[in-house]
Amino acid sequence: MENEIICKIIEKFHEKILKTHKISSETTIFEINKEHLSEIIDYSYNSLNGCFLTMTGTDYLKINSNFLLDYMLGWYSNKQIIIFRTKIHRDEETFTSITNIVPCADWYEREVKESLGLNPLGHPNPRKLLLSDDWPDNIFPLRKNYKNEIPPLNKEANYPFDSPENAEIFNIIPYGPYHFAIHEPIYFRFYTEGEKISKIDLRVGFNYRGLEKIAETRMTYSTIPFLAERICGICGSVHAEAYTQAVEKAASFEAPERAKWIRVVFLEIERIHSHLLWLGVASHMVGFDSGLMQFWRVRDRIMFLAEILTGNRKLYGIIVPGGVRRDINNRKKEHVLKELSEISIEYTELTTALLNLTTLKTRLKGIGFLSQGEAKKFSVMGPVARASNVSIDSRRDYTYEAYSNLEFNLPLRSEGDVLARTLVRVNEVTESLSIIKQALEGLPDGPVYEPIEYIPPDTTSVGIVEGPRGTDVHYIITGENTVYRWRVRAPTYANLPATPIMLKDQNLADAPVIIGSIDPCISCAERFIVIDNKNREKIYNKKILEDKI
Amino acid sequence: MSGILNLLKIALEKGCVTFNYPKEKNLTPEGLRGKPEIDFNTCIGCGACVEKCPSNALSLEEHEDIWKLNLFYGRCLMCGVCEEECPVDAIKLIEEYELASKTKKDLEVELQLIRVKCKKCGEYFTTKRLIENMMKEYLELQDSYSDDFTNRILNCPTCRKKEWGEELAEAYREARNEN
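Which chain is which? The protein sequence lines are A and B, in order.
If you read the first sequence in the working numbering, its first letter stands for residue 1, the second for the next number, and so on.
If you read the second sequence in the working numbering, its first letter stands for residue 1, the second for the next number, and so on.
A portion of the hints provided could be inaccurate.
[Unchecked claim] Here are a few chain B residues that face chain A, going by a calculated C-beta distance under 7 Å:
id	residue
1	Asn6
2	Val17
3	Gly31
4	Leu32
Everything labelled a hint here was simulated from the structure, so no lab data went into it.
Note that the coordinates shown come from a computational prediction; the quantities given were computed from them, not determined experimentally.
Glycine included, C-beta positions come from ideal geometry on N, C-alpha and C.
Construct all of the structure, not just a fragment, from the sequences and the given hints.
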């Protein structure tokens, strides 16, 4: 039976949809003309309550002299993903922006503009997103004819920050570009009235590493998982898993049953260690360092488990297309099960003690509010969405690996504040501990790896994994021996644009923990900004700093 | 208030859990993926590890009469793909992880492999050890070397291709003459 969502869209727009093809059990591609794009997406996103997963631009010039734009929308409750594909002729280089209809498409369209040179017409905020300020304007790194021989221009950095109409009544507080607690580069500019934050501007992209380009040009199918793991230091194997899933779907390959169960063990170990790390850092951000010490003490036991099972504390390097690289033997299994039961007792004891502390609770309660409507509007993911009563989880909805055989609950809260996000994560750890126990006890026999024979070129495929921070989407178009296009949409990319809403009208002192509450995961810095007391800003770039030294 | 007391109880019970590193070393678990080490006596220089290394920590440098296999720990991910790929088990991940060093030189390992000359054209091609390994493996499958094997083992791939091409052409000509 056809899916309800697909039926509704086809019924309404049957003349405007040129072609449909199903690429996997839950994913369908609709080919449409670019004139009808905004109309169809408006209906699918706003009337049918879709969730914006990702948008990708691809240079397909060599193959059909077009650029491809793929808008991916998901309906978790209907277990459906639709890719709206539109072609843009090489001479046009423009498309109509949908940011006014779908606010979360903002970053994606700016990224397409920078990396491929396709101009989103009518975009409300066409500033730079990822590339550095001195990147030449007419050079687009993700085009296939890009040659890596253009030196940076070394021009003065000049980023146009948003400034409110009556700017002189506000104080400007720069926050970043280095977050003091999560140790990652992000720059917020707060316009404050006293202690209250009135307007927020946000800048990211301080260290855009171009991993997708490296993979497309220098690596092969079997080595990319190791690069994918290094996208993030905390949730590495989530990326490896999402990439692997996409490749396996493109090759119509099923991983061996035992490998599927082992993958679940590693993904859940990663979720536990990530959440415990966050709980520790969040305690630190509200000035409660005992919490940091105690959560990290428990976390280290999980890290030792990972070390025993994979050989590494972090960056496991285990999940590859075809299966997993290490088996779990009985001795290790017994050891892990024993440790897990001890950890779960210790964890329950610790969380009951800590979460009954009124000091901690009052610090987290009622700040950084995100309503259910706004969570849906910005398509936020993971614990942030679940704390605003949006019941989405790709483990349950787009079930993958062995998750369909395992039982787990989805912690949901309706308060939408920082405390709710904390409690969702606290409960998720308990669920994950039980998932690992079930997965280890039910581990089927058999091989853990089978080589993939053939990966057909020019196949579009999607990998969806629920990471600790939310849904991680990897989109690939296969090529010869390696990926033709690889697009990574990490969950923070979806969550971060919603932080200005959470920060609006909050106290400045709460800003660190509100930003921290989405568990952001960014990367490393290259310059800093100093603002003197007369609101005149002076920007030190790398060259000036070097001259000074 | 009771919350704080509970926390204090936990903190006192657990006490200090860190190690006095480096005086006191934490035991590394079995199967830790540490530094990869090449056994110089067994490596045959086939280049399988170089092909699969995700971060290009391993590289093969071609010189007139030797091949240099370089391993640079500065780029190494400790993923262990090389260990899995090696056909003669010459590369192993050992449990050593303290690799910090003041000079870059300390992180480089170089292995030189002698190349052999082609019997026909006289050009250097593969390594001596690879040929020896091939001869050993052949004997495991067959009782003795066939004439074809002994004639061709020391020919470089280009000469071998040429020879086969000529033989094929010869066979084709014969077949046409018979018709």
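**Request:** Under 7 Å, Cβ to Cβ, is where Asn6 (chain B) needs to be relative to chain A, so tell me if that hint holds or is violated.
**Result:** holds, 4 Å
**Prompt:** Does the CB of Gly31 (chain B) sit less than 7 Å away from some CB of chain A?
**Reply:** OK, holds: Gly31 (chain B) within 7 Å of chain A, min 5 Å.
**Prompt:** Taking the closest Cβ pair, is Val17 (chain B) under 7 Å from chain A?
**Reply:** Holds, because the Cβ-Cβ distance from Val17 (chain B) to chain A comes to roughly 5 Å (cut-off 7 Å).
**Message:** So, as I understand it, the hint says Leu32 (chain B) touches chain A; can you test that by seeing if any CB pair is closer than 7 Å?
**Reply:** Status holds, d = 5 Å.
Of the hints listed earlier, there is not a single one the structure fails to meet.
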